[in-house]
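What follows is the residue order along each chain.
Protein chains: 2
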Amino acid sequence: MSRYTPLLQQLIDALRILPGVGPKSAQRMAFALLERNRDAGLALADALAQAMTKIGHCQRCRTFCQSTLCAICADPKRELDGIMCVVGSAADQHAIEQIGQFKGRYFVLQGYLSPLDGIGPQDLGLDSLSSLLAEGGTTELILATNPTVEGDATAFYIAELAQKHNVKVSRIAQGIPIGGELEFIDGTTLSHAFSGRKQF
Amino acid sequence: MSRYTPLLQQLIDALRILPGVGPKSAQRMAFALLERNRDAGLALADALAQAMTKIGHCQRCRTFCQSTLCAICADPKRELDGIMCVVGSAADQHAIEQIGQFKGRYFVLQGYLSPLDGIGPQDLGLDSLSSLLAEGGTTELILATNPTVEGDATAFYIAELAQKHNVKVSRIAQGIPIGGELEFIDGTTLSHAFSGRKQF
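Note that the protein sequences, when read in sequence, are chains A and B. Using the UniProt record's numbering, read the first sequence as starting at 1 and increasing by one per residue. Using the UniProt record's numbering, read the second sequence as starting at 1 and increasing by one per residue.
Keep in mind that the hints were calculated from the coordinates and are not lab data. Worth double-checking, as some hints may not be accurate.
For chains that are exact copies, the list does not tell them apart, and a pair is met inside one copy or across any two.
List of simulated lysine-lysine pairs, DSSO-like, C-alpha gap at most 27 Å [unchecked claim]: (1) Lys168 x Lys54; (2) Lys24 x Lys168; (3) Lys24 x Lys54; (4) Lys103 x Lys24.
Using the sequences and the accompanying hints, generate a full structural model.
Written out as structure tokens, the structure reads:
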């Protein structure tokens, strides 16, 4: 038995697709579930299958959502003078929602421009963003992209797009550490970055 | 959206049952699957569901197994003069198999005696072990339990059981660090511990 029984090996291999999980962790996870918590393992299987098949994207802001519009886009109170915040991912959106300071709507890129990886404006839904801006009603676009090369390039691209539609553009202040990942920054730093935003 | 869409929240909560996974890791895992790898997520769901429902225990040695007997118990070559190795878990058995030195069969306790947690001899299948020893054919029992309080107590209990059946008992040498977990020890240390085993 230098190898496990096939289904166990298959489970260990499958667990390794999770970020940060190597062979030893995967083995530990598989044994923990099999030995002590098969019901929770089945619940996880069900949660995974449901999430992978039933979670789609909000038609307006592209965040993860089970219906046509997400809770924020469906809420008229969040129209807030037409201020819209552009973020790179739903995790970034969640981090900003956690500080409870921004009361407008979002546009979730679900990635950044990266020509080498074949990610262009259409993959980030920038055509939808352009239509949204053309509709009118948007007064300011706050760019809250990651302070990385891809995030900067994407911010520049969107700023040009907004200027075409005569929409004011700002970017959250660079109090945020360069090269970092926005979703892992503490709320206070993020809050300061929001307050100190500058004309783009 | 200080909370996620229900299915996403459910997935994040479900991922936290995995050992070593906290709220931030669970969130990172859920987003990684949703954003980049839904097919792998579905494959993981399927692997989990199959493993949780179809993996049982070998009727003879109690290791994880999809059929009545595991590959080792079904292999007549592994009878090896009736030497049997008692281990605490299938992960420990796997660690020993990896060094490729022991060619006999196993008995997998799937736990240790722990009266405070209500784990008694029957929960470890010690009645089956007793029947196996009564059948005859077993000449030596190598105890490869963890060098912890529970592992020691279980080893003493099994040694008494074996002596009742006039079976020689040995324990792997205490070259292994006290208080450690057998499944994480390197193969060389484990190999030395096997060679240096002492009469119990």
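Tested hints:
For a Cα distance limit of 27 Å, the shortest separation of Lys168 from Lys54 qualifies neither inside one copy, at 36 Å, nor across copies, at 59 Å. In this assembly of identical chains, Lys24 and Lys168 lie within 27 Å of each other by CA distance neither inside one copy nor across copies; the values are 51 Å within and 34 Å between. Taking the shortest Cα distances, Lys24 and Lys54 sit within 27 Å of each other only across copies (22 Å), while inside one copy they are farther apart (31 Å). Taking identical chains as interchangeable, the C-alpha atoms of Lys103 and Lys24 lie at most 27 Å apart only when they sit on different chains, with a minimum of 24 Å there against 44 Å within one chain.
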